[in-house]
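Given the coordinates of chain R, work out where chain L should sit on it, guided by the hints.
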Amino acid sequence: GIQVEQSPPDLILQEGANSTLRCNFSDSVNNLQWFHQNPWGQLINLFYIPSGTKQNGRLSATTVATERYSLLYISSSQTTDSGVYFCAFAITGTASKLTFGTGTRLQVTL
Amino acid sequence: GAGVSQSPSNKVTEKGKDVELRCDPISGHTALYWYRQSLGQGLEFLIYFQGNSAPDKSGLPSDRFSAERTGGSVSTLTIQRTQQEDSAVYLCASSLVSGTGAGQPQHFGDGTRLSIL
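Order-wise, the sequence lines are chains R and L.
If you're matching positions, the first sequence starts at 1 in our numbering and goes up one per residue.
If you're matching positions, the second sequence starts at 1 in our numbering and goes up one per residue.
Extracted from the complex, chain R is given alone in its bound form (with noise of 0.2 Å):
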């Protein structure tokens, strides 16, 4: 089956550092999202990108799917940003079931 990677799977911040998190994956994916899942559970859409770059505030996304990896990058962070971060995609050629990573869990301290 498909290999998924994420890393670092644990990270200290100090507020105001900024960060890559990075997910690889060993197959060819139809789609790729990544989500926040804050301390109470909610997973939380931050980007759907199979492909190129996207930049919401302090968070962009980059997917190089001919490399198969993509990166999350955190600017300026904030406490709020702790949690776990999550990439997942579904594999072409299958229904879209996600497969997930398994998971950056972000700690940002002041």
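Keep in mind that the hints are not guaranteed to be accurate.
[Stated by the list, open to error] For each label pair, taking beta carbons as the anchor points, the in silico distance ranges come out as:
1) 13/L <-> 109/R: 37 to 47 Å
2) 96/L <-> 52/R: 13 to 23 Å
3) 57/R <-> 62/L: 39 to 49 Å
4) 22/L <-> 14/R: 38 to 48 Å
5) 69/R <-> 22/L: 32 to 42 Å
6) 66/L <-> 75/R: 42 to 52 Å
7) 72/L <-> 20/R: 37 to 47 Å
8) 97/L <-> 110/R: 19 to 29 Å
9) 39/R <-> 117/L: 23 to 33 Å
10) 55/L <-> 5/R: 23 to 33 Å
11) 97/L <-> 26/R: 48 to 58 Å
12) 59/L <-> 27/R: 14 to 24 Å
13) 2/L <-> 52/R: 44 to 54 Å
14) 40/R <-> 70/L: 42 to 52 Å
No wet-lab data here; the hints were simulated from the structure.
For glycine and all other residues, C-beta sits at the position ideal for the given N, C-alpha and C.
Leaving out everything else, chain L in the frame of chain R:
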């Protein structure tokens, strides 16, 4: 509605009882998905609906789990004779048209936290 709505938000029940979880997708979304997240774990796929049909049930962990969708809208996930290992957060998502080769973003509800005593 504006987002995916799930009910109940929390459910505590005794081992051996049956439970029903409900999902009301975003209006107009033909695809609906159920996922499960066990404590400290990632999300695992359970079942996918396109309209009222379920072309992919591959993630249902046992025959105690079933799901249906009526009118191309609301879906219920039923767990019979619950076991402690069924304790998890059950998440529902919906998207616009889905199918092979078509990608659409999935939008998730807040989930139902199920605890089996």
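48 to 58 Å as the expected CB spacing between residue 26/R and residue 97/L, which holds or is violated: violated (27 Å)
Distance restraint hint 42 to 52 Å, applied to the beta-carbon atoms of residue 40/R and residue 70/L: violated (30 Å)
Residue 59/L paired with residue 27/R, Cβ distance criterion 14 to 24 Å: holds (18 Å)
Outcome for the supplied range 37 to 47 Å, where the beta carbon pair is residue 13/L and residue 109/R: holds (38 Å)
Cβ distance range 39 to 49 Å for residue 57/R and residue 62/L, holds or violated: Check passed, 43 Å falls within 39 to 49 Å.
Beta-carbon spacing of residue 96/L to residue 52/R - inside the hinted bounds 13 to 23 Å or not: About 20 Å separates the Cβ atoms of residue 96/L and residue 52/R, which means 13 to 23 Å holds.
Residue 97/L versus residue 110/R beta-carbon gap, inside 19 to 29 Å or not: Given range 19 to 29 Å: violated, Cβ gap about 45 Å.
Residue 52/R and residue 2/L - C-beta distance against the hinted 44 to 54 Å: violated (28 Å)
Outcome of range test on Cβ distance (residue 39/R, residue 117/L; 23 to 33 Å): holds (25 Å)
Residue 69/R versus residue 22/L beta-carbon gap, inside 32 to 42 Å or not: holds (37 Å)
Outcome of range test on Cβ distance (residue 55/L, residue 5/R; 23 to 33 Å): holds (29 Å)
Residue 22/L paired with residue 14/R, Cβ distance criterion 38 to 48 Å: Given a distance of about 42 Å, which is inside 38 to 48 Å, the answer is holds.
In the structure shown, a violation is registered for the earlier hints numbered 8, 11, 13 and 14, in ascending order.
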